[in-house]
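Chains as they are written, first to last, in our numbering: chain A, 1 to 204; chain B, 1 to 204.
Among the clues, some could well be false.
Per label pair, the in silico range of CB-to-CB distance [said to hold, decoys possible]:
1. V181/B / E73/A: 35 to 43 Å
2. T74/B / K153/A: 27 to 35 Å
3. E57/B / Q132/A: 25 to 33 Å
Since the hints were derived computationally from the structure, they do not count as laboratory data. From a predicted model like this one, the values you see are computed outputs, not experimental measurements. Glycine included, C-beta positions come from ideal geometry on N, C-alpha and C.
Residue strings, one per chain:
There are 2 protein chains.
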Amino acid sequence: MAPTIKARRRKQHRLEILTTAEQIFARQGYHTTTMETVAEECGWSKGTLYLYFKNKEDLFFSILIEKMEHFSETLLSELKNSEGLEGKIAALIEAQFQFLTENKHFFQLVIAEQGKVMHSSDSGLREKLVTQQQTHVYELSQALKEGMPEDSKIDSSILAGSIVGAVNVHQLNWLMATDSVDLSHIKSQITSLFINGILPHENN
Amino acid sequence: MAPTIKARRRKQHRLEILTTAEQIFARQGYHTTTMETVAEECGWSKGTLYLYFKNKEDLFFSILIEKMEHFSETLLSELKNSEGLEGKIAALIEAQFQFLTENKHFFQLVIAEQGKVMHSSDSGLREKLVTQQQTHVYELSQALKEGMPEDSKIDSSILAGSIVGAVNVHQLNWLMATDSVDLSHIKSQITSLFINGILPHENN
DNA sequence: CTTTGAAATGACTGGTGGGTCATTATTTTG
DNA sequence: CAAAATAATGACCCACCAGTCATTTCAAAG
Numbered sequence: 001m002a003p004t005i006k007a008r009r010r011k012q013h014r015l016e017i018l019t020t021a022e023q024i025f026a027r028q029g030y031h032t033t034t035m036e037t038v039a040e041e042c043g044w045s046k047g048t049l050y051l052y053f054k055n056k057e058d059l060f061f062s063i064l065i066e067k068m069e070h071f072s073e074t075l076l077s078e079l080k081n082s083e084g085l086e087g088k089i090a091a092l093i094e095a096q097f098q099f100l101t102e103n104k105h106f107f108q109l110v111i112a113e114q115g116k117v118m119h120s121s122d123s124g125l126r127e128k129l130v131t132q133q134q135t136h137v138y139e140l141s142q143a144l145k146e147g148m149p150e151d152s153k154i155d156s157s158i159l160a161g162s163i164v165g166a167v168n169v170h171q172l173n174w175l176m177a178t179d180s181v182d183l184s185h186i187k188s189q190i191t192s193l194f195i196n197g198i199l200p201h202e203n204n
Numbered sequence: 001m002a003p004t005i006k007a008r009r010r011k012q013h014r015l016e017i018l019t020t021a022e023q024i025f026a027r028q029g030y031h032t033t034t035m036e037t038v039a040e041e042c043g044w045s046k047g048t049l050y051l052y053f054k055n056k057e058d059l060f061f062s063i064l065i066e067k068m069e070h071f072s073e074t075l076l077s078e079l080k081n082s083e084g085l086e087g088k089i090a091a092l093i094e095a096q097f098q099f100l101t102e103n104k105h106f107f108q109l110v111i112a113e114q115g116k117v118m119h120s121s122d123s124g125l126r127e128k129l130v131t132q133q134q135t136h137v138y139e140l141s142q143a144l145k146e147g148m149p150e151d152s153k154i155d156s157s158i159l160a161g162s163i164v165g166a167v168n169v170h171q172l173n174w175l176m177a178t179d180s181v182d183l184s185h186i187k188s189q190i191t192s193l194f195i196n197g198i199l200p201h202e203n204n
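With these hints in hand, go ahead and build the complete structure from the sequences.
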């Protein structure tokens, strides 16, 4: 139990760096952010960063991977607690918007730095994140499937992907918009859209 | 009429550069592509590129802006030629996938380099492209509106955005996938999803 | 064939920023 | 308190590349 105290401080420092770096990367983008800047904003010196992360890419991917895990777990638990396909879809959309408003910076990163992920020089890190994202959508689709009849003609993975994509676009709009956007309106519209399609129905 | 011959050659050269650069940017990403590489692949020398484009960003944004225009026009004309909301939605989805298969590189750029656009140092170019993208979705939503009843509860701009987003996700999957993906299956699933929602209906 | 001006070249430069490591500060241990 | 171990520092190095410009090539005109 002796290492606990030192290890704990290390974890804490690491987390501080991750949190600060996340904000800066989100604000300035990966390439225009320097390790020097991150260090300053953290209150450490540049060299110290390299005691916690192998290099700039490692720092960047650590942010994405660790937060993505949290995000994924949150969504899945919401899905499991909801009944029926309609309920699950509503919960999925709701949870994504909820997470967005609490984690603006993270979403800015995910959306803006897709290219950084695709063209990373560290194939190990890239693979890890890509796999994680695929697993994420797969698990969503499995959770949705639980609410679907056996003989449904709907491909649950396409459904999951479509919902994620539709939500993403509006999240991006919201993040970039200068004027205010009514998120709850968007939320209910999308939900109704996926449940009812364009056919005239009673609205929620 | 004397300048025509020279001007035409210039246009032609410019286009060759744009086309080649598009491929390289798509393959390697913006930041890992050097002007030297572009020049080599074009069969020109580096200095020559600067006779046609002010700088690297100008080259990059020119690709996006000029092709986006083409893309937008194509979609709109397809929408105008389709009857009814269902027809328009089907046409929109169809046209996007069609354009995708004919312009892989362009979509890779659009998806991967969102961050480059957001964090560009040239605010003029950035504004221009962002406005263009907003206009694009707005025009799509107006075109969809033509097929909608006056009193519809559906917000056409949210509908347009959602379709674009849903399609994007699957396009991204297709672009990154190592194994083959059945695009036509995805196409018909998405179409049916937006028209019917998740409710059991007769399928197309 | 010569002249003239536009087009093309590519060696060179200057700024940048990731990553290192010898040195210094701090903490722990004996 | 001293010695040893650990943490933190930041000046420095160097690879990289966008952009330049003096020089050369080419083509058209006379």
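Here is what the structure says about each hint:
no. : hint                       : result
1   : V181/B / E73/A: 35 to 43 Å : 28 Å, violated
2   : T74/B / K153/A: 27 to 35 Å : 30 Å, holds
3   : E57/B / Q132/A: 25 to 33 Å : 32 Å, holds
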